[in-house]
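With the hints as your guide, set chain B onto chain A.
Line order of the protein sequences matches chains A and B.
When we follow our numbering, the leftmost residue of the first sequence carries the number 1, and every step to the right adds one.
When we follow our numbering, the leftmost residue of the second sequence carries the number 86, and every step to the right adds one.
Calculated directly from the structure, the hints in this document are not laboratory data.
From the three backbone atoms N, C-alpha and C, an ideal C-beta is built for every residue, glycine too.
The reader is advised that the hints may include incorrect statements.
As the list claims (entries may be wrong) - Not the full set, but computed from the structure, chain B residues with beta-carbon under 10 Å of chain A: (1) Ser174; (2) Arg185; (3) Gln186.
Claimed, not checked - Subject to a maximum C-alpha distance of 27 Å in a straight line, what follows is the list of computed BS3-like cross-link-like pairs (lysine-lysine): (4) B:Lys169 - A:Lys41; (5) B:Lys224 - A:Lys41; (6) B:Lys140 - B:Lys154; (7) B:Lys169 - B:Lys140; (8) B:Lys151 - B:Lys169; (9) B:Lys154 - B:Lys169; (10) B:Lys169 - A:Lys24; (11) B:Lys151 - B:Lys140; (12) B:Lys151 - A:Lys41; (13) B:Lys140 - B:Lys224.
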Amino acid sequence: MYQTNQQQAGQQIMPEPPNVVSTKDFLYLTDALSWELGAMKMMHHAALNCTDPEISTYLHQAGQMHQTHYQQLLTHLNPANAANM
Amino acid sequence: MYGQYQQQFAGLQGAQGMMGNMGMQGMQGMQGMQGAQGMQNQQQNQQQNQQNQIKNPQSNLLPKVKGPKINDRDNVNLALAQEKYITDSLNVFAREASHRQLHNDVMRMFFETHAMTRELFNLMFRKGWYTLEGEQQQKLAQSYQKFQGYSTQFPYTTQMH
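If we strip away everything but chain B, and leave its shape as in the complex, we get:
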């Protein structure tokens, strides 16, 4: 049963290699495999951090032997760094601007630059150049309880969830 899924997964990856990178499919294939393992293994997966990795297969855009020459990933990385720098700078500009029209104009550029930063980040994720790791559910639950407990310190009366 498991072997079948593994074969399917391998097939999927192979097809992707030929077609180039097709967005999120690689990741879904990976998750599909995890799903096939069933609920029994879920706890085991959580203990093994590597199983929690969220990533796409690496695109084959990078040279096999990396040298001093700037490659595609370097280019997007530099572009991303540039956008990050500009969002930081525009943030200060928008805050310090005197009249409303200037403030509004800079705020619009600020939002647009953030949106572009996000696009570049998503692009890098699609190309398999960013790996995320899902935090263990247990840790989330622990912190949720802890901070939920601090609600006794709230200065306003609210409906408890």
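The shape of chain A in the complex, shown without the other chains:
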């Protein structure tokens, strides 16, 4: 009992959580990746099925944004990314 207390006292206090993907983060990340994938596919499909070029442009922009977000989220899962260790 005394020992564990001493160990804790010797440990540095972390001012905020370290760059570690928690179990909860992981579940949200995988969820969010699915949202973004679904959104980019849906936007792309809608853009191809529009008659108005202005609307089509906007939908493609939205689709591209979701694709970018997908790639950004994916970096948080990449084991090669040292920040995720």
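Leaving out everything else, chain B in the frame of chain A:
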């Protein structure tokens, strides 16, 4: 006098029909007509809710006979619903994220997705697919007074406006 403005307005609308939809011009034309009626009629306008409508002329992108086929408005509407859903979800994700870097990344996506949602909403407004209604000035004034009165309940001393 009034008739002249009406003709001008009709002309403006006709030109727009040919050029396709040119953003806010249609709405300004509508407001210009209201302005021409002068200050006298303003109170009357406020009583008639229809006069307070803020909208653009409908674009001619929709089929005359609407069937089960997904049209342009359906497509933008679905896209808008999708963006709304994602902003809701990212909001929760950002709040629950553990470390700062993840939180910051998700917050940026959250802002960008909100901005895109706004773009799609503006797009639909430009196409004349959203109608807003200006609230009556009298109602605003009433509520302003009421909530102004609650300032006696303020826990902090502030300068009264």
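Exercise for review: Could you grab the alpha-carbon distance between Lys151 (chain B) and Lys140 (chain B) and see if it respects the 27 Å cut-off?
Suggested key: Roughly 21 Å between the alpha carbons, so the hint for Lys151 (chain B) and Lys140 (chain B) holds.
Review point. Lys169 (chain B) and Lys140 (chain B): Cα distance at most 27 Å?
Key: holds (22 Å)
Check your understanding: If you take the shortest Cβ to Cβ gap from Ser174 (chain B) to chain A, is it below 10 Å?
Key -> Holds - the Cβ of Ser174 (chain B) comes within 10 Å of chain A, reaching about 6 Å at its closest.
Check your understanding: Do the alpha carbons of Lys151 (chain B) and Lys169 (chain B) lie within 27 Å of each other, as the hint requires?
Key -> holds (26 Å)
Review point. Under the criterion that the straight-line Cα-Cα distance not exceed 27 Å, is the pair Lys140 (chain B), Lys154 (chain B) satisfied?
Key: holds (26 Å)
Practice item. Please work out if Lys169 (chain B) and Lys41 (chain A) have their alpha carbons no farther apart than 27 Å. Key: With Cα atoms ~16 Å apart, Lys169 (chain B) and Lys41 (chain A) stay inside 27 Å; holds.
Practice item. Below or equal to 27 Å on CA atoms is what counts here, so check Lys151 (chain B) against Lys41 (chain A). Key: The hint holds at about 25 Å.
Exercise for review: Would you mind confirming whether the straight-line C-alpha gap from Lys154 (chain B) to Lys169 (chain B) stays at or under 27 Å?
Suggested key: At roughly 23 Å apart (the allowed maximum being 27 Å), Lys169 (chain B) and Lys154 (chain B) satisfy the hint.
Check your understanding: Lys140 (chain B) and Lys224 (chain B): Cα distance at most 27 Å?
Key -> holds (21 Å)
Point to revise | 27 Å limit on alpha-carbon distance, applied to hinted pair Lys224 (chain B) and Lys41 (chain A) | key: Outside the cut-off at roughly 45 Å; violated.
Review point. Once the shortest beta carbon distance from Arg185 (chain B) to chain A is found, is it less than 10 Å?
Key: holds (6 Å)
Exercise for review: With a cut-off of 10 Å on the beta carbons, see whether Gln186 (chain B) makes it to chain A.
Suggested key: holds (6 Å)
In this structure, only the earlier hint numbered 5 is contradicted, and the remaining ones agree with it.
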